[in-house]
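Visitor: So you can see what is in the structure, the chains are spelled out below.
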Amino acid sequence: MEAELQVLWAAIVAYVLSGVIAIFGVALGRHRERIVLGLIVLGLTLQTVSLGMRWSRIGHGPFITLFEILNSNVWSLMLVFAIAYWRIPKLRPSAAVVMPVMFVLMGWLMLAHPGEGHFPPTYRTPWLYIHIGMAKVFLGATLVALGIAGIVLLRRFGVGIRRFANLPDDSRLDELAYRFMALALVFDTLMLITGAIWAQDAWGRYWAWDPLETWSFITWLLLAFAIHMRLTFRPHPVRNAWMIVAVFVLAFLTFFGVPFVSESAHKGAV
Amino acid sequence: MRARASTWPAFFSWTLGALASLRLTLVLIVLLAPAVVLALNFEEWRSWPLAIPLAGLAVNLLAALATRPAFRVQPALVVFHLSLGALLLLIALGRLSYLRGTLELTEGALFDGDLTTVDAGPFHAGRLKEVRFAHDGFTIGYDPGLKRNTTRNPVRWLDESGRWRKSVIGDHHPLVIGKYRFYTSHNKGFAAVLSVESEGSLPRTTVVHFPSYPINEFGQTNELQLGDAGGNVWMLLDFDEVILDPARKSEFRLPTDYQLIVRDGDARHELSTGNAVSLKGVTLRFEGLRTWMGYNVFYDWTLPWLAATSALAVLSLGWHFVGKFRLKAWDN
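Top to bottom, those sequences are chains A and B. Following my numbering, the numbering of the first sequence begins with 1 at its first residue and continues without gaps. Following my numbering, the numbering of the second sequence begins with 1 at its first residue and continues without gaps.
Don't take each hint at face value.
To be verified - Examples of chain A residues lying across from chain B (beta carbon under 7 angstroms, computed):
#	residue
1	83
2	86
3	113
4	114
5	116
6	186
7	212
8	214
9	221
10	230
11	232
12	235
13	236
Think of the hints as simulated: they come from the structure by calculation, not from any bench. From a predicted model like this one, the values you see are computed outputs, not experimental measurements. Where a beta carbon is used, it is the ideal one built from N, C-alpha and C, also for glycine.
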């Protein structure tokens, strides 16, 4: 276990360095985008190795304990953000918003106990990977939208106006954020559907009003509300940005809060 | 008269327009969210508080389809919203005709359609009484710390053509007969098989299920009714050996050295397999020990339709957004 934790620590160091360089790059007006992307890719490579070592040692993926769930989500969120950072250069300054959020998750990960948990037999199904994969893309898309919304809000409060001046105007950023919210809606829907299919096979019910599935549905409703509100009122990008923040906060609390405050996140799951 | 005639279509048109409003959609979504939170916390609040905003959203959608040409010209969006409406309808139909229940079945015994607990919709008209299956024991592995692992439960079941078939169920592989789905549960244990013979009646075989094991490891007792005149006798399955060792990997199995303790008032009898005892004119013979398995039963004919409609919903949503975003690059 020591070796896999050391590799994980190295990955976290690479992520933190990339975040610090991204934040100072925005603050000082120095573009170090290749270095930032390179460090994120290095972090991802190291974390993949660490996850692989653990997987091979304990015989199952990172799906059970708080440590494993945080670990796999740091990996998936960094992966989604890295792809967006690489493919859409205009949103690269949003790393200054996204990385502090990731620092919170990474700090929590470092504090979590890396012990093992029991892997229930009902988890031995391809639906586990499909369901969790959809959830990770959903949260990743919401994170990217949050980064864009953060730029809109920072400009609104007069922070970094000069540094973000070469970015598209608020309405174009809003349009880009909307695309990621739409992507999030598709994958959130897929997450709910695949979760229901798995639950039907594993526990004999597709819906049981357990806290995690119910709060996931409420997150889906808020996402649907945010998209309908945008269509109905054509609100100012700042209001849309606040809606994105609300969706991300609810999704974050559902992902990382509900399973650890509820006695039975998914009834019968273990 | 003419004025009144022209007022009604105008009023109808205004009402339809109001019902089709996207503002109303937002209000109804806002109403639905607290209804879902209520449903999470209070079981008795899972019908009307949800039904009202959901019915409102269905009306809102139909009105939008009738009055909004801009909505109608987006076929993928229309299909997505209609799929959501169809999902609501299917869920409602499913709630009217579902069945959920539990049963305990002794190894080798035939399920005859009787359930221990039943919860069914008002229009459930399934054919559970015709369902027949039996199980041939099971294996359940346990990891250290008594963590339950894989369940394998071989079953024999009668198919619709009247032929007996075999399969192995457990964990996420239910036994599906007709539209009934039988799931193994964590509930399982030991069953004492007894033959009961009383004067003037034919001998019969009966089974006593002891409470679920290992959760009731120190409470393996139950009662048996001997008949109208005999009253109840108390029984204990007594064994000292460790079946499931919390310190290491183990497997659920029958004990090898056991006795059935039968208590009738102050009289206490210890029976090994094959022993008999006479109680109040009734002869009770302990024939042996078997396992029993607890099953959860679920019936909902809408399941394949729900799956198909969900797939249609998400495909049409994806199709809508792809069509919307493909005209302009993401990095433009």
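Visitor: Determine for every hint whether it applies to the structure shown.
Guide: To see whether the hints hold, each was checked on the structure:
1. Below 7 angstroms, beta-carbon pairs count as interface contacts, and residue 83/A has none with chain B, the closest being about 11 angstroms; its hint is therefore violated.
2. Given hint, residue 86/A at the interface with chain B, is violated; its Cβ is 10 angstroms from that chain's nearest Cβ, farther than 7 angstroms.
3. Hint status for residue 113/A relative to chain B: violated, with the closest Cβ pair at about 16 angstroms, above 7 angstroms.
4. Look at residue 114/A: its Cβ only gets to about 18 angstroms from chain B, farther than 7 angstroms, so that hint breaks.
5. Because the beta carbon of residue 116/A sits about 11 angstroms from the nearest beta carbon in chain B, more than 7 angstroms, this interface hint is broken.
6. At about 5 angstroms, the closest approach between the beta carbon of residue 186/A and any beta carbon in chain B falls short of 7 angstroms, and the interface hint on this residue holds.
7. With 7 angstroms as the threshold, the beta carbon of residue 212/A stays out of range of chain B, its nearest partner Cβ sitting at about 10 angstroms, so the hint is violated.
8. A least Cβ separation of about 4 angstroms between residue 214/A and chain B falls short of the 7 angstroms threshold, and the interface hint therefore holds.
9. With a least beta-carbon distance of about 5 angstroms to chain B, the hint placing residue 221/A at the interface is held under the 7 angstroms criterion.
10. Annotation: residue 230/A was flagged as interfacial toward chain B, and the flag is violated, the nearest CB pair being 10 angstroms apart, outside 7 angstroms.
11. For residue 232/A, the shortest C-beta to C-beta distance to chain B is roughly 4 angstroms, which falls under 7 angstroms, so the interface hint holds.
12. With a least beta-carbon distance of about 12 angstroms to chain B, the hint placing residue 235/A at the interface is violated under the 7 angstroms criterion.
13. Taking 7 angstroms as the C-beta cut-off, the interface hint given for residue 236/A is violated, the closest approach to chain B being about 17 angstroms.
Violated hints for the displayed structure, listed by number in ascending order: 1, 2, 3, 4, 5, 7, 10, 12 and 13.
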